[in-house]
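2 protein chains.
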Amino acid sequence: MHRVVIVGGGFAGLHAARHLGHLDVSVTLIDTRNFHLFQPLLYQVATASLSPANIAAPLRTILKNQKNTTVLMGQVIDIDVEKREVVLEDARVPYDSLLLATGARHQYFGRDDWEKYAPGLKTIEDALNIRQRILTAFELAERETDPKAIERLLNFVIIGSGPTGVELAGALCEVSRQTLTREFRNIDPSKAHIIILERQNRVLPMYPDELSKNAGDTLRALGAELRPGVVVTDITKQGVEIEVNGGKEFIPTANVIWAAGVLASPMGKKLAEKTGAELDPAGRVKVDDHLHLPGHPEIFVLGDLAHCPGPKGTPLPAVAPVATQMGRYAAQVIEDQLANRTTPPFNYHDLGSMATIGRSNAVAQLPWFKLSGFLAWVAWLFIHLMNLIEFQNRVLVLMQWSWNYVTWRRAARLITEVPTIQCEHEKG
Amino acid sequence: MHRVVIVGGGFAGLHAARHLGHLDVSVTLIDTRNFHLFQPLLYQVATASLSPANIAAPLRTILKNQKNTTVLMGQVIDIDVEKREVVLEDARVPYDSLLLATGARHQYFGRDDWEKYAPGLKTIEDALNIRQRILTAFELAERETDPKAIERLLNFVIIGSGPTGVELAGALCEVSRQTLTREFRNIDPSKAHIIILERQNRVLPMYPDELSKNAGDTLRALGAELRPGVVVTDITKQGVEIEVNGGKEFIPTANVIWAAGVLASPMGKKLAEKTGAELDPAGRVKVDDHLHLPGHPEIFVLGDLAHCPGPKGTPLPAVAPVATQMGRYAAQVIEDQLANRTTPPFNYHDLGSMATIGRSNAVAQLPWFKLSGFLAWVAWLFIHLMNLIEFQNRVLVLMQWSWNYVTWRRAARLITEVPTIQCEHEKG
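In the order they appear, the protein sequences are chains A and B.
Take the first sequence: its letters are residues 210 to 637, numbered as in the numbering used here.
Take the second sequence: its letters are residues 210 to 637, numbered as in the numbering used here.
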């Protein structure tokens, strides 16, 4: 039987696996985690609106009824392209077709030392880390007496103004201006300063001018400060050093969130070394028009790991709809191949893109028109709810959103710490 | 104004603070965490039924409308009994009345090296640690080929058969026999072996014979193995060594949960050193009949930190109803004191105790009668729901329970890891 191995259970890997469920092939899905994560809502975990479990679903549960599918939790350390085997730490899994969809992490453009002061937002752990920092900053400020130290604790700097940066900023404005009102005795949380730094000349630079302007106006109305045309030159424990119009400036802050750069998973580099595949500056593998690794029709590269030119020549963005369509397409290619049919080249159906900004407001660029304000927000809510994987999660998220909307409260305002005991689960 | 300082935001501390909210005193509640935790449902977080946020509520939110109350997040490192000041790392908080309710941790009776193999269940981090271990064991077993290694991974040993041990065992039976069915391809999760070790001759030894027998029968019907009269002599990475009827035996296992011993917080020892107060073997401070530290009518010791004899001479158990009543009582004593009234000695109103065993089953010892089976379970559900602090949490928990009941699924089946980045939040 044709053996398909999928590495990565994100949008690309999971949708490929589902599509392959009804074919006469054997499917093995390998991921380091036991769950599929709905990354578009991760910022709501980071800002205490949702619990991690609300936006995650166990891969095994999703795929349990596909008799031809095996799920393995494990770390892929290498691909043996010659022997056609995926190499795990303690096992090898042979494949006839291989789908690589290992995603991306944030990158610091050579300044990895910034990471400990400016965490990014890609995993559940990232989100809990950011949640802990945000909530702790207010707690420390409440106990602080030095006004300068309080100012530093209540300055929140978000670097990068793509959808993640903008959504985080909107949520932070809400937390400080609404959720925490009347809960502190020594500080006024609404005095918190939420600052967005953007290298280009406007927020959401990848969106049309009009939406970008809308988003900027809304953020300013919520109380955020937008600083376009700014280059970050250093991040320390004390704060962020920036260069603006040729001059240097220092923003004292204890809270920096990195929403600027993304780097594809190391799998890309590995493939490049082995097969001579070309990478783009973000570490993504340049694929052919069937999403194959060039020269290897048995290997597909999908999702955030793939560099695939879009209709305008620029690469398709690293977003869920692109990954989902790529996953389904790769499964279709395999199906056609087994039936001796040819498949036309991959063609992305642009469903538009959106970003929400605080409550009751969003911007959306849909295929036929642009939308902003309350209607865009309702569309955003609906689309995100419907795309959550499990019915229970949809209901739980809807409930928490409604509750949040009515009471301004946040459902998951916990400062939890790093467990002191490590898991001792190695082989005995 | 009379200054009341409360250390600890558990059941005792929180209920004291609420009661003091309408008095003409100033109240300061200090806790190392920013939330009140509903510990009786912690085992449901450990077994993937609920998310941490569902059983926790921010202390600030609960107390926001009490104008006379300040909440501080901080670690109390000492009590200056002479100067009447609570000492934090970087501040001192003066008091006229002090309520100490810092709770308890699990203890290993001198074998602290067992902790890393046999975690206990007292905090959210503990629960997430146990959840991670349980779920990871099945994942590793699925990838294992050696039958002996698989057996070790699928042996779950719970040490101690009080309510926590029994509830964990029941939930583990459900997870392995029901939730995970048909999700694995190489192992049969229902072959998991859930073993309860108990030193005494029956499970739930603190309950009447009849309920204890009921609980035992139910656990056996669910598939657990009960081993009473067993002494644990060693715990290693390989498993648990026990002594039974004079002979030694070794149970290979990768999963041990400690539900055996409890030790009061180090605050007890500190008080004993400073004031000569007497401690019991569990580290609890022996209080007078007004819950005062003997010789210090301005200091109350409450909850799991207090050793207070009950009507039968044995100390009151370390459970939520006792702590809640103690907290309210201490507040009443302060109120009476300010009004120059005397307060009668503390008198615990026994509301009974219960434990749930899997779904649809529980045992309950109520003041006037004993109950077991479905009715006891419904009573358990109702009482626990109603005692959750926030309305939203009640609704979310009820929803997840209903969902679990209908689908056998668990809402929070995530294996999350220790964040790699530590919080860098110290003073700049």
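Keep in mind the hints are simulated off the structure, nothing from the lab.
Please note: incorrect hints may appear among the correct ones.
Repeated chains share a single entry, so a pair holds when one copy, or any two copies, can fit it.
Stated by the list, open to error - Below, a list of computed lysine to any residue pairs in the SDA-like style, where the Cα atoms sit at most 20 Å apart: (1) 276 x 387; (2) 422 x 408; (3) 273 x 398; (4) 276 x 398; (5) 276 x 392; (6) 273 x 614; (7) 273 x 562; (8) 276 x 394; (9) 357 x 324; (10) 422 x 284; (11) 273 x 387; (12) 521 x 305; (13) 276 x 391; (14) 478 x 440.
Hints and how they fare:
no.	hint	in the structure
1	276 x 387	between (49 Å within a copy, 18 Å between copies)
2	422 x 408	within (16 Å within a copy, 70 Å between copies)
3	273 x 398	between (47 Å within a copy, 13 Å between copies)
4	276 x 398	between (53 Å within a copy, 17 Å between copies)
5	276 x 392	between (53 Å within a copy, 10 Å between copies)
6	273 x 614	between (35 Å within a copy, 19 Å between copies)
7	273 x 562	neither (32 Å within a copy, 39 Å between copies)
8	276 x 394	between (59 Å within a copy, 9 Å between copies)
9	357 x 324	neither (24 Å within a copy, 42 Å between copies)
10	422 x 284	neither (43 Å within a copy, 46 Å between copies)
11	273 x 387	between (43 Å within a copy, 13 Å between copies)
12	521 x 305	neither (33 Å within a copy, 72 Å between copies)
13	276 x 391	between (55 Å within a copy, 9 Å between copies)
14	478 x 440	neither (28 Å within a copy, 54 Å between copies)
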